[in-house]
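Asks: So you can see what is in the structure, the chains are spelled out below.
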Amino acid sequence: MRTKGLISFVLAWMVLAPVRLTAQPDATTLADSIQREIVAAYVRGDDARLAAARALAERAVTIYPEDALLHHYLGFSLYRQAALMHDDPDQPRILDAAEAALERSAAIRPLPETHALLASVYGLRIGANPALGASLGPRSSEERSIAERLGPENPRVWLLKGIGAFFTPEAFGGGLERAGEYLDRSLELFEDDDPERPLPRWGGAEARVWRGRVHEGRGQVDRARSEYEAALALEPEYVWVRGVLIPGLASGDGDHDHDR
Amino acid sequence: MRRLWILVFGLPLPASGLFAQQPPQPLTGEVRDAADRPVRGANVFLLETLEGDLTGADGTFSIETRHTGPATLVVRHLSYAEHRVDLVTPRPEPVDVSLLELVQAEAIVVTAGGYTAGDEAGAALTSLEVVTTPGTNADVAGAIKTLPGVQNVDEGNGLFVRGGDRMETKLFLDDAVVIDPLRLEEPTGSITPTVDPFLLDGIFFSSGGFGARFGNALSGIVDLQTQGRPPTRHVNLGANLAGVDASVGWPLGRDLGAHATVSRWHVGPIFSVNGSTRDYPVPPQGYDLSGSLVWSYRPDGEWKTFAIRQSTDLEVEVDEASFTGIYALDERGSIVVSSWRERFDRVLPRVSVSRSTLSRRESSGALDLESETILTQVFGEVAWSPADRFVVTAGGEIERLASDVAGRLPATASDRSAEAASIPIDVDEAGSRAGAFAEGELRLGGRARVRTGIRTDRSTHTDARSWDPRVSADVGLGGSATLLLAWGIYHQVPDPLFFEASLGDPGLPPMRSRQLVAGIQLGSPADALVRVEAYDKEYEDLALAGLDGHVVGGGEGASRGLDLFVKGPLVWGIDGRASYSLVDAERTDPDTGVRARSPNDVTHSLTVVGARPLAVGWSVRAAYRYATGRPFTDVVGATFDPEADVFVPKFGDPFVERLPDYHRLDLAASHIRQIGRWQAVFYGSLGNVFDRKNVLEFRWSEDFAERFPVRSRSKRSVFFGVSLDL
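Chain order of the listed sequences is G and W.
Residues 794 to 1053 (the working numbering) make up the first sequence, in order.
Residues 2 to 727 (the working numbering) make up the second sequence, in order.
FYI, nobody ran anything at the bench for these hints, they're computed from the structure.
It cannot be assumed that every hint is accurate.
Not everything, but these chain G residues come out facing chain W in the computed CB check (under 10 angstroms) [claimed, not checked]:
no.	residue
1	L823
2	A845
3	R847
4	L849
5	E851
6	R852
7	I856
8	L871
9	A890
10	P923
11	G926
12	S938
13	I939
14	T961
15	P962
From chain W, some residues computed to sit far from chain G (all C-beta separations above 12 angstroms) [as the list claims (entries may be wrong)]:
no.	residue
16	V319
17	V531
18	V595
19	E658
No residue lacks a Cβ here, since even glycine has one placed at the ideal position from N, Cα and C.
With the rest of the complex left out, here is chain G (with noise of 0.2 angstroms):
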């Protein structure tokens, strides 16, 4: 009687547990579901939107601590909020945050963009804090080369190299010539970039944006213009470039940082 007991447990318990796993949502569903969520809020200028999706991957890694893409969406979010921050005492705390959720996804399954994105972060410790710039510095650079080893062909390093390029002076190895001929290689690449998901797939835009602005920087209007009307074309939403880089472009007003 006992032994029948026992088998009726487990059965039940077969046919049901299945019904219970379907409460809570997959790793890989979540990961793309959050990835979607963070490129919509970004292109939209909708904090309220990335803060959400930034919730959902913190609740994400308390279920999966183990899933690197997982934190390193997390990380992806901080860094999106962190970099849309302008002299706010809280960035350095999210910062933090994106730092350790990058760390933790590399230390798990490493990525170039979670590499690339690393560096990013220290860059924007050292635009926040220029004496940092002797820590961070080398840190930044060896967090790039890592990327570079791991993705040599992954337009998302080149993007995030691009950008850092153009908010770092010519001394240090930056500059809009340097940005400019990064860029050039980032979008060479996002025309076969095709990751399977929940891989990180985001960036086109973005890339037309940045190779925009270095025109624009230049003084090559026509040619930022397009570059922003290409942008367009691939995120029709993109509040940034309709409501602020092509006006500027027309008042002349040059003065847009918006991200980095």
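Dock chain W against chain G, hints included.
Replies: This is chain W only, laid out in the frame that chain G set:
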């Protein structure tokens, strides 16, 4: 069959799925912090479904869920410790959650007498400030000397804290006691770094009022933590006027990592470029080798072994009344410390095992000593937090100190020549000390924290047990003001050599001090900070060495003063900090037995440091130091001793006279530049800009009729170098 249905419907976990089609029910609540303020932006969600909400400005949340049955509500926020609540849904009544700030949960940010240096929140000095303070040669002790409570007694890296002797401040490295932090001592202090700051992850300095965790220290402690696993590979090469160095950090796989450094230093080139105030047949020189292996097997679990070996050689000409000749020193030191830390939910154990050695050979006239000291130590502690606001820590250490000293010491202070009468020394003994402590920390209402502790120590040298109760508190007064209070009893075992019958007293008890500290801090290190502390120290049973080296027990003393620390942005984009210490210290003079000024009674000590970034990659810094001249005992006459063929000085009242005041200005500049894939930091400094002839002691003519100032080693001097990150 009936049992099957009972099983099916009785199982709590699958039940949620069976009811998945029921209409969603709201789960509401409010998140507040320990001070009962609403927390905005907290991520509140059900672990079972990931359904959640972000709290609004009023701290409230509302989650629509179909989940039924037992559930875990998780609350996360970057500034607070994660909180979980077990509940059953649907739940009509709201859930109230109180979060604890991470800075409160993780570490002591501000305590009476305590300062941290590093990159963590609340640090008084950042890592960069430690290495770039002009005039410190990137020395940890040099940077700590710019904090309040440390008197500018000399130009060395011994820490004279709140009127105490430098031996009253203990240095810990990964919880292991370092035998003697001072590496190379001359009359004007020492000149080489104690520990390379680039090896360190965190520095905690306490000028008094420290907790029961730290034993066998009368005045202050310096707690150094070495670096953890390197997150990325890095190689650094450096060269400057004082030597060359190289360091490597290497992550090995997912959890392992290693550091290694090597440096060779030689002060000769500095003397060649700048000249020297004295003659060095063998200029100070040596090497440092260090390495560590770190296994970070979990975020809260780490095993680390750190080892360092250092050497120093020196020969310098000395010119005293009874002896003109060479002082020679050859010193080798090493430390190996293996440590482990872990976290099991609310229990945090920590263990370290270490072995330190110091072999030293010094000679100068009648002084000729060779010593070998080995210190073996085991330290362990367990911290347990049974509730969010309460932490109990208990632990202890056992150490064994073996000393083998052989040679001779001059029998009198008046004759130090090679032919002078001397005391033979032959000490070969070992002693041990066992200490235990327990400490409780309670947070009250999110604004106040009280720590009470007690420690007990017993040493085979003193054959006596000491009991040290200690209490400290920090109380938020509203805004950014914090009141700091500390009281405690502290004991320290005298130097083992003091128990040698030919020199001292085998029956010496442990030395004792009572400390009372009260202060207030306004602002925060990240913005602008002002801290003022007043203190009162009483000493008993001091073991004091007289001029001729003999040891007297039963000394008394007192030290009272005020410390001020200010840090923040100044005018014209300059970031600055200033430390001021006022002290009135007295203690028994071992030669006369009367209570006199302490030799370390430097009434005013002031250090001002300013830094300003210039063009891209450039920055300049300046540091100014001032100190009242330290007390000394003057010679008021002399009689000739025909037997010894020397003049014997007659001393005046002890420590009545003072050396001239000390002033020094140092300037430094650095430039960071990217060279291909390398980052280069070029740096240079001009020390003692006005070439001030600071006097750090006097020497006398052979008949003591004439007094000559002994000038500081620091002439106006240039120093430059480059550091490359590959």
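Asks: Against each hint, give a clear statement of whether it holds in the structure.
Replies: Comparing the hints with the structure gives:
| no. | hint | verdict |
| --- | --- | --- |
| 1 | L823 | holds (8 angstroms) |
| 2 | A845 | holds (7 angstroms) |
| 3 | R847 | holds (8 angstroms) |
| 4 | L849 | holds (7 angstroms) |
| 5 | E851 | holds (5 angstroms) |
| 6 | R852 | holds (5 angstroms) |
| 7 | I856 | holds (7 angstroms) |
| 8 | L871 | holds (9 angstroms) |
| 9 | A890 | holds (5 angstroms) |
| 10 | P923 | holds (6 angstroms) |
| 11 | G926 | holds (6 angstroms) |
| 12 | S938 | holds (7 angstroms) |
| 13 | I939 | holds (7 angstroms) |
| 14 | T961 | holds (8 angstroms) |
| 15 | P962 | holds (5 angstroms) |
| 16 | V319 | holds (40 angstroms) |
| 17 | V531 | holds (19 angstroms) |
| 18 | V595 | holds (52 angstroms) |
| 19 | E658 | holds (44 angstroms) |
Of the numbered hints stated above, none is contradicted by the structure.
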